[in-house]
Amino acid sequence: MAAVLYKWLLLLSWTVFGKIAPAPAPASHPFFISVTEIEHNAGEKSLEISCKMFTDDFEKVLRQNYPATPVDLINVKNKASMDYIVNDYVQKHFAIKADDKNIALKFIGFQRQEEAVYSFFEAGGIPSVKKIAVTDNLLYDYKKEQVSMVHVTVGGTLKSTRMNNPDDKYVFQF
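Sequential numbering from 26 applies to the sequence shown in the numbering used here.
Please keep in mind that the hints were generated in silico from the structure rather than gathered at the bench. Just so you know, not all the hints are guaranteed correct.
What the hints assert, rightly or not - Once the Cα atoms are required to be at most 16 angstroms apart in a straight line, the calculated EDC-like pairs of lysine to aspartate or glutamate come out as:
1. K184 / E64
2. K184 / E62
3. K169 / E147
4. K194 / E140
5. K155 / E64
6. K77 / E62
7. K168 / D81
8. K122 / E84
9. K70 / E147
10. K155 / D125
11. K131 / E69
12. K168 / D193
13. K194 / E62
14. K117 / D166
15. K156 / D124
16. K131 / D113
17. K131 / E147
18. K77 / E64
19. K104 / E84
20. K85 / D97
21. K155 / D124
22. K156 / D192
23. K156 / E64
24. K168 / E64
25. K122 / D193
26. K122 / E62
27. K102 / E84
Said to hold, decoys possible - Pair ranges (Cβ atoms, derived):
28. A105 / N189: 29 to 37 angstroms
29. N90 / N127: 19 to 27 angstroms
30. K194 / N100: 33 to 41 angstroms
31. D125 / D81: 33 to 41 angstroms
32. E64 / D108: 16 to 24 angstroms
33. A67 / M174: 22 to 30 angstroms
34. P152 / E84: 19 to 27 angstroms
35. D192 / K156: 13 to 21 angstroms
36. K102 / G68: 35 to 43 angstroms
Note that CB positions come from ideal geometry on N, CA and C, so glycine has one too.
Whenever a hint applies, use it, and build me the whole structure from the sequences.
Below is the structure:
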């Protein structure tokens with residue numbers, strides 16, 4: 026949102042004040058954040074997970090980690106290839122334990138919305154949960170300023186935390 030606002034303000038100032046000086050190059054967004062949401066669905070006995078990252082940051086880290094694969098999350102030409110690297114990257118940088126048991130995440134897919142990419146996962150066979158331990162270092166290998174926000178909802182109770190790189194572990198008790 027900030028980058029879009031910046032571009033509109035730049036365009037407005039360029040239009041209002043004319044071509045007095047060359048327009049500056051668009052700036053990158055000033056913060057680096059991923060947002061992960063985990064929700065326990067008691068009816069389905071599952072955890073539903075979404076990970077949201079800025080598209081440009083995510084593409085850069087994927088190019089860095091998968092140099093042999095052409096990365097384009099905006100104009101996806103090879104869906105199977107993009108699914109593979111999105112899933113592989115997230116699975117290597119994100120993990121959950123529910124009540125001290127490692128949880129296998131099933132990749133559902135990804136989609137781009139505005140300036141972000143959401144990747145979706147689920148884990149079944151979880152009728153109830155009292156403790157969720159999260160390891161989240163998404164994009165930590167891209168920017169040292171990276172921040173991870175994690176929101177967990179169990180039984181209608183929402184708990185959240187913020188982890189600054191290099192901190193990547195947090196335990197939620199319900």
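Original post:
Hints broken by the structure, by number, lowest first?
Top reply: Hints 3, 4, 8, 22, 24, 34 not satisfied by this model.
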